[in-house]
Each structure stands twice: as C-alpha cells, then as structure tokens.
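A.B. asks: What follows is the residue order along each chain.
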Amino acid sequence: MVSRTLSVSKPKVAKRKQPELIRNAPAYAMCIPSLLYFLLFSYIPMAGIVLVFKDYNVVDGIFGSPWTDPWYNNFRFFFSSSRVLEVTCNTLILNLFFLVTSLVCQMGLAILLNELRISSIKKLSQSIVFLPYFMSWVVVGGIVYSFFSNEYGVVNSTLRSLGMEPVKWYQSPQYWRTILIIAHIWKWTGYGSVIYMAAIMGIDPTLYESATIDGANRFKQAWLITVPLLKPTAVILVLMSIGRIFFGDFGMVYGIARDNGIILENIEVIDTYVYRSMRVTGDFSLSTAIGMYQSFMGLVLLTLANWVAKKINDGTGLF
Amino acid sequence: MAKEKASIRVPIGDKIFRAISYVICIIFALACLYPLLLVLAVSFSQEYYIGLYGYRLIPYEFSLDTYRYIFRTSGLDFLRSFGISVGVMVTGTLTSLLVTVPLAYVLSLKSIKYRNALSFYCYFTTIFSAGLVPWYITCVRIYNLSDTFWALFLPYAVSVFFMFVLRSSFAQLPEEIVEAAKIDGAGEVAILFRIAIPLTVTPIITVGFLYALQYWNDWYLTLMFINNRMLYPLQFRLYSILTNTEGLSAAQAQSAAGYMQVPTETVKMATTVLTIMPILFLYPFVQRYFVQGITIGAVKG
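For the record, the sequence lines run as chains A and B. Once you know that position 199 of the first sequence is 199 in our numbering, the rest is easy, because the numbers rise by one and skip nothing. Offset between the second sequence (1-based) and our numbering: plus 1000.
None of these hints come from the bench; they were simulated from the model. Treat the hints with caution; some may be incorrect.
25 Å max Cα-Cα, derived DMTMM-like pairs, lysine to aspartate or glutamate [claimed, not checked]:
| # | chain 1 | residue 1 | chain 2 | residue 2 |
| --- | --- | --- | --- | --- |
| 1 | B | K1015 | A | E209 |
| 2 | B | K1110 | A | D283 |
| 3 | B | K1110 | A | E20 |
| 4 | B | K1182 | A | D283 |
| 5 | B | K1015 | A | D214 |
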C-alpha cells in the first residue's frame, strides 16, 4: 500500500521540482507594484517608530537624532498631560454614539424602506438617502456652517423668528458632539441601509408567508423575523466599529470644526490631536508616541473583536 | 405584485405600520435633501439679503451675481483647481486599478501557494500602522512628495478594502475556464487580460467608481503635503475658503479695500455647489454601481 502510493506520487514530485515561486513567477510579478506600494507607504514608515525613543530634529533626521535620556521620555504624556486622556475619551465617546446611532438608524431605515410598496417613492427615497454618502466632509463642513453660522445660519434665524435668543454655536463647545452625531447620521444612514437592504433581500420569503398565515401583522413580522435575521450582519458591523473604536474620523472632525480650537474642546479625537500637535508644536517624537499608543490600542481591540467574531461565526473572523 | 392583489383586505395594523413607514422614510429623505437645497439656494441669493435675513431655502431674489463674481475674480484659479481635481481623479483611478486588479486576481487563485501570506501582508497594514508622524516624515523626507502632483494620489494608490471586493469577484469565476485556458497554454497574464477581466467588467467598473469618488473627495493629502496654492484641488479650495484664513485671491483683497462689497457668505455656498456639481450630475448613472460595490464588500469583505 505504502510503496504503491509512493511510486505513484514520485514522478509527480520529480516533475514539479521547479519551486512554486518560479512556476508562478508571472503571477507573482503582477503583484509587485501593489506589494511595493504597501512596502513604501505602510511598512517602511514602521521603521520610523524608533522615533518614540528619540529626540527628533529635522537636521539629523529619524536615525541621526539622539536617543531620549530616560527611554520613556516621550511617553511622559501618560503622566503629565491630561489632554491625551481627554482626547481618548472624546474618541471613545463619539465612536460609541456613532455605533449606537448607526445601528438603530441604518437597520431601522432599511426595514421601513422595505415596507414601501409604491416603487417610485421607494426608489426616489432610496436614491436621496444614499446621496449624502457622496459628499466629502469639507462639503458637510460647509453645510454645517450654513446651519450654525452665528450671524446667518438657519438655526439662529429660526430662533430669532421664534423670539428666542440666538446661540453663538461656533463659540460654544458643548453643542458640537451632538452636531457631529447628527452629521454622522446624515452622511452614513443611507449607506448603511444599503447593506441591511441587501441582507433583507436574502431572507427566505416563505418565512413571511407562513407568519402571515399565522396572523402576524407586518410590524410583528419585522420585529420577530427581519430583526433577528439581520443580527449576524449587525454583529459584524458592530464588531468592526468596536475594532476601530480608538480611531477617530479625522476627515469628519477636521472638515467640520477645522482649526477652531474652541469647538474642538469636546470633539477633538486622537487623530486630530496628533496632527495638530505635530503641526503646531512641531514635537514629532511626542506625536509619534501618541500615535503609537493609538495604533497599539487599535491592534488590541481589533484582535479582540476578531476573536469574538470567530467565536460567534464558527471560525470566520473579521479578517 | 400578484401577492398584493391576491390579499383581499390589508389588516388595519399593517396599514398603520405602512403609513408610518412612508412618513418616516419621506421625512428622512427630505432631511437628507434639505441641506443640499439650502446650499444651492444661498448660492443663488444676493449677499445683501443674506445679511438681512440670513440663509433661507427660497432666495429673496434669484441672482447669478455670486457665480459672476467668482468667475471674474478667480475664474482661472477655479478652472485650475477643477483641472487638478479631474486630473487626480483620472490618473489616480487608472493607477489604482492598474495596480489593484492584478493583485486581486492573483490572490483569488487557489494555485498560488503564498496567497494567504500575501493577503495577510496586505491586510496587516489596516490593522496596524506606524501612525501619522512616521508616515508623514517618510513621505516628505524620503520620497519628497511635498508640493507634487504625485502626493495627491500615490499615498492612496491601493485600498485593501476595494482589493478584497475585487478578489471575491474574481474568486467567483468558474475554475474550469482558467484550467482550460492553461491547458491551451495561456500564461497568467494572458488569462487575466483575456478571460478574467472581460468576465469581471462590472465589479471592476464599480471599484473604479469607488476609487474615483475617493480621489474626488479627498483633501487630506492636500492638507498634508501641498503648500503651493497652484496645486489645490477643488475640495481644498473649498476648505480654505470656508476656513477664511485666505480669501479667494488677491483680487478679493483689492475689491474689499475698494468700493465693492465682497459676497463672502454666498461665495462659500457657491463654492460648495461647484464642488458637488459633478457628483450630482453623475449620480443617477453611477448609483447602482456603488450599491453593488457596497453590497459585495459588506457580504464578503
């Protein structure tokens, strides 16, 4: 038995003496440009992480700059600056709110859109709610300005016409978390509902038919059939956002608040903080250290989320 | 449809639920549309009335003054920015597709021994990164990307997410076709261009549009690498006008010192309109591609 299998497989091995890498060389060669891209823009910068143990100055460059005296000097922000903890909290709070509002609004809208029977209204509203996804955050920033501009904004005009005191929005940090959440809902609900709609299309229609026969109305069907069957999709989306919970949306925060330090107070996320401290104070080493801390936390959270996804999904994780 | 007609009487509970669905969906759609209409309306208003009554949905007096003003004072700047935006979008999208498509195809082949390792090599960049500062220093000090056209698209050349969207589309190709072509003596490159790409046109166009939108809407790379105003794409021109740190151009400073009132408010909104106009025109034609791309990406990405 053993000898027979050997004798059969032996010529095969001899024939395939050429290593796979050479046999498929053209295929591997086709990948080179993109692999080079990842090398240049992701892996080579990783060497720059040594900056966290250096006192960076422009003249000496990354590798020429001297080492910091106590090796942890660039991590002193953990103890001395409470701002890093503040922006971490901002990032987590904003992302948690985004997570919950996305889940509710996106799934809710998809279920409601699915109830529409007049196809012209259904198509038109689908098209319209998907439109904000195509707007850049700078455009959203312009829109937010048109609403909340102190002198001319729609909101203040409305307040004035109602005989109420107008609010100086761009000088009041306390409102901006809510404004960002609304902007986030505006931009992403249509996008997310596309995902949930696709999942709803995949649900077996006989489930609804038998539910109708059993006397369940449409609302009960949505609540007892659609929502539970959308759970796997929702779980994946939620886990993906949990994995990225330490990463703020730079484009959103900076596109809407721009460099306005006053309103950034409550909405400054780690990403904008690193950028601003790099650009304003020019302390590259410290900024690298904060970025490093963020990447590390991100890696931990992503691995965790992936592990949970694997547990739930019988082995298929997020990546 | 047939099911609808077959049911003789819709129960009252269903009617109420359906009515509520219509109301909420229509209200939300209007809420999505209203800000865009507002911006459009203000851009067609006169600065004088904005000063008096603030922004409003129906212009007091329809006028093209703002657009005339923009084209008189900084028409060339706008045209240049528009050209750069289009140039970045076209060059960027073509580069990205040229680089992403072969990778996605190769990673979809089961015959490639190291495909999992290569996938991980790509995927790892999304779960761990060096962070902003080392990336910035590398791009500026080593690659000298500051104030170059390259800086506006090279750092975004490959999107791992879009690559996986394409990979799952390629993976659906029947293996027999590829095997048959191999027996006929076709190499991997020939198979990709002669067989795989023609059979995957729609997903490739979809990813192309996703890339194009990414490049059109980007202003982050400009914020990072571009100081030369001549290289500003449209998005960043809008950004700097909204920021108010710099006005439209030198012409504006002159006219501000002179007799003419500068329509700063309506200019902001008119610039926004000019920035989103191309998207609004293309939207009806490209929408279905995006729906498709998002669906593939969400299910299998």
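A.B. asks: With a cut-off of 25 Å on the C-alpha distance, tell me whether K1110 of chain B and E20 of chain A pass.
C.D. replies: holds, 12 Å
A.B. asks: Is the straight-line distance between the alpha-carbon of K1110 of chain B and that of D283 of chain A 25 Å or less?
C.D. replies: violated, 48 Å
A.B. asks: Quick one, are K1015 of chain B and E209 of chain A close enough, alpha carbons at most 25 Å?
C.D. replies: Holds, because 17 Å separates the two Cα atoms, which is no more than 25 Å.
A.B. asks: Does D283 of chain A lie within 25 Å of K1182 of chain B when you go C-alpha to C-alpha?
C.D. replies: violated, 57 Å
A.B. asks: Taking 25 Å as the top limit, are the C-alpha atoms of K1015 of chain B and D214 of chain A close enough?
C.D. replies: holds, 18 Å
Against the hints set out earlier in the document, violations occur for numbers 2, 4.
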